Each structure stands twice: as C-alpha cells, then as structure tokens.
Amino acid sequence: MPAATLSIPPHAEHVRTARLVAVAAARRAGLAEDVIDDVRLAVGEVVARAVLRHAALGIERDVDLVIRDDGHAFMVEVSSEPASPETSIDGDADDGVALALVQALVPEVGVTPGTVALAWPLAVIPA
Amino acid sequence: MPAATLSIPPHAEHVRTARLVAVAAARRAGLAEDVIDDVRLAVGEVVARAVLRHAALGIERDVDLVIRDDGHAFMVEVSSEPASPETSIDGDADDGVALALVQALVPEVGVTPGTVALAWPLAVIPA
Amino acid sequence: MDLDVSTREEGQHVVVVAIGEVDVFTAPTLDAELGRLIADGRTDLVVDLSRVDFLDSTGLSVIVKALARVRAVDGSISVVITADRVAKVFRITGLDALIPLYASVAEAVATSD
Amino acid sequence: MDLDVSTREEGQHVVVVAIGEVDVFTAPTLDAELGRLIADGRTDLVVDLSRVDFLDSTGLSVIVKALARVRAVDGSISVVITADRVAKVFRITGLDALIPLYASVAEAVATSD
Ligand SMILES: Nc1ncnc2c1ncn2[C@@H]1O[C@H](COP(=O)(O)OP(=O)(O)O)[C@@H](O)[C@H]1O
Ligand SMILES: Nc1ncnc2c1ncn2[C@@H]1O[C@H](COP(=O)(O)OP(=O)(O)O)[C@@H](O)[C@H]1O
Numbered sequence: 001m002p003a004a005t006l007s008i009p010p011h012a013e014h015v016r017t018a019r020l021v022a023v024a025a026a027r028r029a030g031l032a033e034d035v036i037d038d039v040r041l042a043v044g045e046v047v048a049r050a051v052l053r054h055a056a057l058g059i060e061r062d063v064d065l066v067i068r069d070d071g072h073a074f075m076v077e078v079s080s081e082p083a084s085p086e087t088s089i090d091g092d093a094d095d096g097v098a099l100a101l102v103q104a105l106v107p108e109v110g111v112t113p114g115t116v117a118l119a120w121p122l123a124v125i126p127a
Numbered sequence: 001m002p003a004a005t006l007s008i009p010p011h012a013e014h015v016r017t018a019r020l021v022a023v024a025a026a027r028r029a030g031l032a033e034d035v036i037d038d039v040r041l042a043v044g045e046v047v048a049r050a051v052l053r054h055a056a057l058g059i060e061r062d063v064d065l066v067i068r069d070d071g072h073a074f075m076v077e078v079s080s081e082p083a084s085p086e087t088s089i090d091g092d093a094d095d096g097v098a099l100a101l102v103q104a105l106v107p108e109v110g111v112t113p114g115t116v117a118l119a120w121p122l123a124v125i126p127a
Numbered sequence: 001m002d003l004d005v006s007t008r009e010e011g012q013h014v015v016v017v018a019i020g021e022v023d024v025f026t027a028p029t030l031d032a033e034l035g036r037l038i039a040d041g042r043t044d045l046v047v048d049l050s051r052v053d054f055l056d057s058t059g060l061s062v063i064v065k066a067l068a069r070v071r072a073v074d075g076s077i078s079v080v081i082t083a084d085r086v087a088k089v090f091r092i093t094g095l096d097a098l099i100p101l102y103a104s105v106a107e108a109v110a111t112s113d
Numbered sequence: 001m002d003l004d005v006s007t008r009e010e011g012q013h014v015v016v017v018a019i020g021e022v023d024v025f026t027a028p029t030l031d032a033e034l035g036r037l038i039a040d041g042r043t044d045l046v047v048d049l050s051r052v053d054f055l056d057s058t059g060l061s062v063i064v065k066a067l068a069r070v071r072a073v074d075g076s077i078s079v080v081i082t083a084d085r086v087a088k089v090f091r092i093t094g095l096d097a098l099i100p101l102y103a104s105v106a107e108a109v110a111t112s113d
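Chains A, B, C and D supply the protein sequences, listed in that same order. Heads up: the first sequence begins at 1 in our numbering, then just goes up one per residue. Heads up: the second sequence begins at 1 in our numbering, then just goes up one per residue. Heads up: the third sequence begins at 1 in our numbering, then just goes up one per residue. Heads up: the fourth sequence begins at 1 in our numbering, then just goes up one per residue.
Don't read these hints as lab results, they were simulated from the structure. What you are looking at is a predicted structure, and each value in this text was computed from that prediction instead of being measured. Honestly, I wouldn't trust all of these hints.
Unchecked claim - Below, in silico cross-link-like pairs of lysine to any residue (SDA-like), each with a Cα-Cα straight-line distance of 25 Å or less:
(1) D:65 / A:53
(2) D:88 / A:122
(3) D:88 / D:12
(4) C:65 / C:35
(5) C:88 / C:73
(6) D:65 / A:71
(7) C:88 / B:103
To be verified - Covered stretches of chain C (in silico footprint by chain B; criterion: 3 or more residues with CB under 8 Å from a CB of chain B, positions within the stretch not fixed):
(8) 17-24
(9) 44-57
(10) 101-108
Said to hold, decoys possible - Beta-carbon label-pair distances, calculated as ranges:
(11) D:100 / C:36: 52 to 60 Å
(12) A:59 / B:104: 37 to 45 Å
(13) A:56 / D:100: 50 to 58 Å
Beta carbons are placed, not taken as given, at the ideal position from N, Cα and C, and that holds for glycine.
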C-alpha cells in the first residue's frame with residue numbers, strides 16, 4: 001500500500017509540498033538523515049522538471065506522486081503528461097544538471113513515458 | 001482547481017504529513033502565520049479523528065484531503081469512510097476536546113457523511 | 001521519532017522535557033514516561049513543553065490523565081510553555097484554568113513547591 | 001515567501017545573504033537580486049548561503065549564470081556554505097571546482113580580495 005499519494009497543480013510553488021511529503025514518508029520508512037537529504041533533493045528535481053514541462057506546454061493536469069515502502073525499498077513515483085511529438089520539449093542545460101543530480105543521488109531510477117520512478121533499497125541503508 | 005490532493009493510509013504516523021501539506025498550502029494562499037497555526041491544528045485534529053476511526057474499525061481505506069483556494073476561501077476537505085450503523089463508533093472524551101478545538105479554530109465547518117470540510121474565508125484574514 | 005522525552009530531577013520535582021511534536025502518533029511516548037514516573041511514586045511533575053512546537057488534543061489528554069493521577073495522591077503537575085501556538089491549545093480548551101502554566105522551568109519549580 | 005534575499009557592503013564586496021530555501025519557485029528572487037547588482041557594476045560578490053537549508057539545480061544555475069556575468073567583466077563570485085546538504089549539491093555537480101566555497105563570510109571576503 002502506498003505510504004502517501006499526492007497530487008499538485010503544475011506550478012513551481014507546489015514543488016516544495018512534494019518535497020515535504022517525500023521527506024516525511026522517508027523518515028517514516030526509517031531512512032538515515034543523509035539519505036533523507038538525497039530523497040528531498042531528488043524528488044524536488046524530478047517534480048520540478050515535470051512541473052516546468054507542464055507549464056511550458058500549457059498542460060493543466062496535476063503532477064502525481066505515489067510514495068511506497070514495501071519493506072525492501074523506499075519508492076517515489078512521479079507521473080506527469082507523457083512526452084509525445086506534440087508534448088516533447090528540448091531540455092536546457094538546467095535539465096542536464098537536474099538529471100545528473102538525480103542519477104547521482106538515487107540508487108535506482110526508472111524512466112518510462114510519463115513516469116519517473118526513484119527507489120532506495122532499504123537493505124543497503126544503515127538504519 | 002485543488003491546491004493539493006493527498007491520500008494517507010489510516011495510521012497515526014501519517015497525520016503529520018497531512019498537517020505539512022495543509023500548512024504549505026495555507027502559506028501559499030497567503031494566510032497570516034497565526035491563522036496557519038489554526039490550520040495546522042484543526043486539520044491535524046480532523047485527520048487524526050478519521051485515522052483513528054478507520055483503525056478502530058479495521059478500515060484499510062486511505063483518508064483523503066483535498067485542499068482548495070478559490071480566491072474567496074481556503075478550504076480543506078477531509079474524506080473518510082462514512083459512518084453507518086456498522087461503522088459508527090462511540091466517541092470518547094478526546095473526541096469532544098478535538099471537536100471543540102476544531103469549532104473554535106475554524107470559521108466554517110461543514111460535516112456531511114464521510115466528509116468534514118473546513119473553510120477559512122480569505123476576505124476576513126489580514127494578509 | 002518526532003518527539004524526544006527525557007527526565008531530570010530538580011529538588012523535589014521531576015522535570016519531564018519533551019522536544020518535538022506531541023500528536024496522535026507521538027503522544028503515547030509522553031504518556032508512557034509520565035505513567036512510569038507516577039507508578040514510581042514521582043508525583044511532583046513539571047512537564048517542560050518549551051521545545052514543543054506542536055501539541056494536539058491527544059497531547060492535552062495525556063497531560064489531563066497525568067493530572068488526575070497525581071491529584072489522587074496529593075501530587076502536582078505544572079506545564080512550561082513558551083510557544084503561543086501551544087499555549088493557545090490550553091486556553092481554548094480551558095485547561096489553563098486547571099493546570100498551572102509557566103514560562104520557564106525555574107518558575108515552575110519555585111512556585112509549585 | 002520561502003526565501004529572503006538581502007545585501008550589505010563589506011569593503012569592496014557586496015554580500016548577498018539568502019535565508020530559506022532556493023528552489024524552482026524561489027530562485028528567481030535570488031536571480032533578480034544578483035542581476036540587479038551586476039547591472040549596477042557590483043561585480044565582486046559573496047553569496048552567503050549559510051542560512052539556506054535547501055538548494056536545488058535551479059539555485060545552482062542562478063549562481064552559475066552570475067559567475068559567467070561577473071567573470072566577463074573581471075569580477076568575482078564566492079559562496080559561503082555551512083550545511084553539508086547544500087555543499088553536496090556543489091560537489092556532485094563539480095561546481096565546487098569552479099566557484100570558491102567558504103565556511104564564513106569573513107573568510108570569503110578576506111580570501112577573494
Ligand atoms: N535518466 C533520467 N533520470 C532522471 N529523470 C529522467 C531521466 N530521463 C528522463 N527523465 C525525466 O523524465 C521526464 C520525461 O522524460 P522524457 O520522456 O524524455 O520527456 P521529454 O522528451 O519531455 O524530456 C523528463 O522531463 C526528465 O525530467
Ligand atoms: N461539528 C463537528 N466539527 C468537526 N468535526 C466533526 C463534527 N461532527 C463530526 N465531526 C467529525 O466527523 C467525523 C464523522 O462524524 P460522524 O459522521 O458523526 O461519524 P461517527 O458517528 O463515526 O462519529 C467524526 O469522527 C468527527 O471527527
């Protein structure tokens with residue numbers, strides 16, 4: 001069962017809310033404080049990218065977060081409008097930095113159309 | 001459009017997440033800090049009551065929050081399993097204190113089966 | 001954990017220091033500590049909430065329960081509050097008339113002797 | 001607002017003090033202030049992030065943009081960081097090799113003269 005499900009409108013001011021919820025769930029999952037810092041930043045980056053993409057394309061749809069802790073991993077799934085020929089945008093340099101951060105901070109990153117899944121295996125994390 | 005939609009499992013540990021999201025949205029809506037304190041407490045009380053009720057009845061369903069700011073009022077709607085002859089429980093003294101707090105802190109409280117709606121009119125709130 | 005509870009002696013009193021948030025999830029921690037002290041015969045208690053930034057009705061009822069138990073054996077309980085946000089909860093519910101509230105532990109210990 | 005930005009003079013330098021969170025929502029505030037200063041010819045800048053508890057890639061790119069602008073006119077920019085959480089963002093992206101990071105404003109002002 002998800003630890004929390006959050007939907008936010010695609011505006012920059014709501015990205016902080018996504019970070020707050022992810023951090024609260026990560027703390028509940030028992031992640032160490034420095035890993036929680038990584039969760040805060042990585043989730044913030046992915047949600048910010050999704051929100052900016054919606055904003056750039058005039059997509060009103062919410063950005064959705066599903067946060068899970070299945071005992072093996074702490075997972076955050078961010079869903080937004082899937083890229084299509086009409087909804088694809090050229091990323092700028094910021095996007096590159098954001099993706100580099102996400103790749104550096106998150107043990108497992110899964111990207112499918114419309115969804116970025118971030119996972120922190122619980123076994124390898126010192127309690 | 002909702003400012004945020006949050007679903008949490010019916011466990012006490014997640015009530016704090018609901019408070020965080022409500023407070024973040026209240027701040028975005030421009031409420032004064034002392035009114036934000038009232039939002040934090042009132043939302044915490046209503047969500048705690050809903051979560052405890054689900055837990056007592058063995059209801060696994062999430063408790064849902066929809067937060068809105070329509071320019072006239074800041075609104076938080078908390079939905080949970082509606083009371084029925086089978087799902088009604090006798091409130092204890094704590095419930096009385098919780099309801100008293102909610103009534104004292106929230107300008108407009110609407111209760112329908114399964115839903116408690118809290119509203120703070122924006123017009124009467126000093127910015 | 002969002003709440004830390006520790007205790008220390010100050011003369012006749014036991015000061016119970018809570019740090020963090022006292023809510024439906026964490027209040028049992030405070031409840032257990034107060035219950036343990038009272039069972040041990042420590043019934044002159046100062047509950048220091050000066051570093052508590054949130055307290056809900058569950059937290060209130062933990063304090064009311066402790067109050068009832070210490071009064072039954074002629075003990076005392078007082079509460080230290082600095083945050084207006086926390087004081088307001090006591091005021092709205094009228095608990096400020098039942099339980100002495102102080103701005104510092106020193107004051108609480110001096111006055112409730 | 002989740003970010004406050006203010007400035008003060010320290011000798012040749014302008015110290016830009018940010019307090020709060022620098023993210024996709026608030027970074028434009030910092031960007032505007034840095035842009036205003038550089039346009040005014042103030043190109044020896046110390047960005048004090050010692051009271052910033054969160055900074056994301058948007059915040060980084062604001063600083064990189066300011067760096068490019070001051071370098072073009074022989075200015076300098078240095079950054080004061082105390083939180084490990086914030087330092088980590090500079091490290092991962094390799095920005096710590098491009099921008100001098102200091103533990104205090106005094107150090108930043110003394111060294112980057
Ligand atoms: N390797 C990756 N790591 C983290 N996030 C990624 C990665 N690849 C893509 N993303 C994120 O997923 C979003 C959707 O990516 P994509 O399907 O390529 O859409 P687009 O063509 O609009 O960039 C991007 O905006 C980006 O934030
Ligand atoms: N006047 C009120 N103010 C605030 N909350 C209320 C009020 N009345 C009811 N509630 C909340 O709504 C929930 C559902 O109430 P109700 O439909 O009466 O169900 P139940 O019979 O299980 O108490 C209660 O648990 C309580 O927390």
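Original post:
Looking back at the numbered hints, which does the structure fail to meet, lowest number first?
Top reply: 3, 5, 6, 10 and 13
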